[in-house]
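Undergrad: Please model the complete structure; the sequences and the hints are all you need to start from.
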Amino acid sequence: MMRGGYIELAHGGGGQLTSELLDEVILPAVGGQQPDKLTDAAVFETAGKAAFTTDTFVIRPLEFPGGDIGKLAVCGTVNDLAVCGATPRYLSLALVLREGLEIDLLRRVLASAAAEARDAGVTIVTGDTKVVERDACDGMIINTAGIGEILPGARLGFERIRAGDRVLLSGPPGEHAIAVMSRRERLSFSSEVVSDCCSIHRPALELVERLGERVRFMRDPTRGGLAATLTEIAEATGRDVEIDESAIPVNRAAEAAAEMLGLDLLSAANEGKLVAVVAEDAAEQAREMLAGHEISARAAVIGTVGAAGGLVEMITRVGGRRVIQKPYGEQLPRIC
Amino acid sequence: MVKAVAELCEKIHDTVARLDDTQPVRIMEVCGTHTMSVARNGLRSLLPEPLRLISGPGCPVCVTDQSYIDSAVALAKRPGVIVATYGDMVRVPGRSGSLADARAAGGEVEVVYSADQAVELARDNPDSRVVFLGVGFETTAPGTALAVKRASEEDVRNFSVFTAHKLIVPAMRALLSSPDIRIDGFLCPGHVSVILGWGAYESLVKEFSAPCVVAGFDPAQILSGIAEILRQLEAGESAACSVYPAVTREGNRRAMELLDEVFVADPAVWRALGKIPDSGLELRDEYARFDAARQLDLPESESYELPGCRCGDVICGRCRPRDCGLFGTQCTPREPVGPCMVSSEGACAAAYKYEAPAAATER
Numbered sequence: 092m093m094r095g096g097y098i099e100l101a102h103g104g105g106g107q108l109t110s111e112l113l114d115e116v117i118l119p120a121v122g123g124q125q126p127d128k129l130t131d132a133a134v135f136e137t138a139g140k141a142a143f144t145t146d147t148f149v150i151r152p153l154e155f156p157g158g159d160i161g162k163l164a165v166c167g168t169v170n171d172l173a174v175c176g177a178t179p180r181y182l183s184l185a186l187v188l189r190e191g192l193e194i195d196l197l198r199r200v201l202a203s204a205a206a207e208a209r210d211a212g213v214t215i216v217t218g219d220t221k222v223v224e225r226d227a228c229d230g231m232i233i234n235t236a237g238i239g240e241i242l243p244g245a246r247l248g249f250e251r252i253r254a255g256d257r258v259l260l261s262g263p264p265g266e267h268a269i270a271v272m273s274r275r276e277r278l279s280f281s282s283e284v285v286s287d288c289c290s291i292h293r294p295a296l297e298l299v300e301r302l303g304e305r306v307r308f309m310r311d312p313t314r315g316g317l318a319a320t321l322t323e324i325a326e327a328t329g330r331d332v333e334i335d336e337s338a339i340p341v342n343r344a345a346e347a348a349a350e351m352l353g354l355d356l357l358s359a360a361n362e363g364k365l366v367a368v369v370a371e372d373a374a375e376q377a378r379e380m381l382a383g384h385e386i387s388a389r390a391a392v393i394g395t396v397g398a399a400g401g402l403v404e405m406i407t408r409v410g411g412r413r414v415i416q417k418p419y420g421e422q423l424p425r426i427c
Numbered sequence: 090m091v092k093a094v095a096e097l098c099e100k101i102h103d104t105v106a107r108l109d110d111t112q113p114v115r116i117m118e119v120c121g122t123h124t125m126s127v128a129r130n131g132l133r134s135l136l137p138e139p140l141r142l143i144s145g146p147g148c149p150v151c152v153t154d155q156s157y158i159d160s161a162v163a164l165a166k167r168p169g170v171i172v173a174t175y176g177d178m179v180r181v182p183g184r185s186g187s188l189a190d191a192r193a194a195g196g197e198v199e200v201v202y203s204a205d206q207a208v209e210l211a212r213d214n215p216d217s218r219v220v221f222l223g224v225g226f227e228t229t230a231p232g233t234a235l236a237v238k239r240a241s242e243e244d245v246r247n248f249s250v251f252t253a254h255k256l257i258v259p260a261m262r263a264l265l266s267s268p269d270i271r272i273d274g275f276l277c278p279g280h281v282s283v284i285l286g287w288g289a290y291e292s293l294v295k296e297f298s299a300p301c302v303v304a305g306f307d308p309a310q311i312l313s314g315i316a317e318i319l320r321q322l323e324a325g326e327s328a329a330c331s332v333y334p335a336v337t338r339e340g341n342r343r344a345m346e347l348l349d350e351v352f353v354a355d356p357a358v359w360r361a362l363g364k365i366p367d368s369g370l371e372l373r374d375e376y377a378r379f380d381a382a383r384q385l386d387l388p389e390s391e392s393y394e395l396p397g398c399r400c401g402d403v404i405c406g407r408c409r410p411r412d413c414g415l416f417g418t419q420c421t422p423r424e425p426v427g428p429c430m431v432s433s434e435g436a437c438a439a440a441y442k443y444e445a446p447a448a449a450t451e452r
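Going down the list, the sequences are from chains F and C.
For the first sequence, the positions run 92 to 427 when the numbering used here is used.
For the second sequence, the positions run 90 to 452 when the numbering used here is used.
Think of the hints as simulated: they come from the structure by calculation, not from any bench.
Keep in mind that a hint or two might mislead.
What the simulated footprint calls covered on chain C by chain F, stretch by stretch (three residues with Cβ under 8 Å from a Cβ of chain F suffice, anywhere in the stretch; the number is not a length) [to be verified]: (1) 90-100; (2) 127-136; (3) 412-426; (4) 433-443.
Every residue, glycine too, gets a C-beta built ideally from N, C-alpha and C.
TA: Following this line, the structure appears as structure tokens:
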């Protein structure tokens, strides 16, 4: 039986405590395999072209409204695969645990990672655990890598974007950033904002399966938010992108919180949103497909790709024009 | 709202056309929130060409003199001192770096959302001296006053305020008195005026015959304010008034009394505007023990302009952000030279973030 309620350095030592941690906490949650099946590498089959990605997750607090670092680590990698047109298949899960971490918290995080993986149809096939000293990290760090199988009809890339193509967004921007920020700063007024943290592979892959090459490009707008994704599209294609502000879905509570904090929702992080660029004649179909999924029920066509230029311009709600710039550094709360 | 905005724009275009001036009409706003709302909503693109909407000294960080930044950075480097500040101040560069640089070098700098949080910080760190940077206009000053009173009542001895609080009306007077600056009317700040009351601008109107109109922050409010200023100009009138329903003539008397109880007006040094009489707020002698300037033996710092930086000209309306040689090249939000680029409410940050390069030079 595991003794004590906290992670000790010895849990990472490779000895008896390591085995206990694996057998009693980690494998029951995310492995489901017997220890004697633990080999040095996972072996599996893939069909056709594969996509491979990795991401490391650090977040404070580890648990936030709408998710935790475990769910985030699975969704993040699943989403990176999905926006490349790949069906997520296998994940690795590597944990860096801080000495003194509550084992119950670890159990919760792993349970939520496992639940998300089951739901997304990915198998966690390999992993690793390290323990570091108290001042070496903030609670825990998770790295996930993922392998997915590219859908046969997927033809995605900046180079496929054409003038006249439409830009779709799957839901209101900035919910993850506001949820985390308000928990971090203990802001009660925005407690109702829940992170959008979720796997977006179902709506994303449906677009590719049903619209084929009329889907030009997809991205999950995480750090830097919608603004970063749009400016990247404009820069990479050398084309203008014109956004209609009144078409962008809005979460009123997040908007109010952002207003008070002086944050820009367009530059704020998302963890369960999809930006898709599709051919003009496929835009309405694409919007309907996205709207058919609960997580992208509020999807909207928010903009159009223009001719040469390389600038993202927005028609504001009142009809004014302004640009959207690539976000820079951290956003600081303002004075008044 | 969209319909109201369209109607107001039409009205503004018509009035400006009728004004038939040879020179553009110059309206100045003196509020960071106005600056941001104008830029974020793309309002300049909706206004007629001969109308110039200028961002004046309304951003608290932007009007703060360099000498204050240097003193704050010096404080942050002192062992045993925690500098508590609003976020916008952290990255303003001084002669020996910014507060962010001081923090990176081991100094303690904590970002707070209110002065009260700084008092909490002092209570939680009894072995350190917590110095709160009291920056801002009549909007943030009452919060500082309450914090000082609380520190006094609860005897939080390791808390003090380094005040650079400022009053907006003396700065507006200084601008109107400058021979080389022409301002046809002021769009007066919403938040500040909730405290001050629109009556506070009557003396300016009397002295300089410039319309002073208070407006709120959404596009329709801002455009209503501009339309009222233009109406007065066309009719040859000038008056202080408000299109913002939250603002009364008298303002918030309790907040004003609170300011009066804790602070006394004194001459203050403003970026570019220099020393203006009765434009700053100093702690009264009763609260001297919470005054960092009197308690902490601050090093002498002199006032100066950052080389090449035209923030001073920008906040006086002498030039537009893009007229500065550093704009967008040496000075960007990522690596700002001047405070107008650092502050999220600064005129340069707004221009960089929201205005297209070509359109911006037009207005």
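Undergrad: Go check the segment 412-426 of chain C versus chain F for me, would you? Three or more residues, Cβ under 8 Å, otherwise it fails.
TA: Per the Cβ count (3), the hint holds.
Undergrad: Are there three or more residues in the segment 127-136 of chain C whose C-beta lies within less than 8 Å of some C-beta in chain F?
TA: holds (count 8)
Undergrad: Please check whether the segment 433-443 of chain C has three or more residues whose CB lies within less than 8 Å of a CB on chain F.
TA: That given contact holds, which follows from 5 residues of the segment 433-443 of chain C lying within Cβ reach (below 8 Å) of chain F.
Undergrad: Apply the coverage criterion to the segment 90-100 of chain C and chain F: a residue qualifies when its Cβ sits closer than 8 Å to a Cβ of the chain, and three qualifying residues are needed.
TA: Coverage by chain F holds here, the residue count being 4 at a Cβ distance below 8 Å.
Hint compliance for this structure: no hint is broken.
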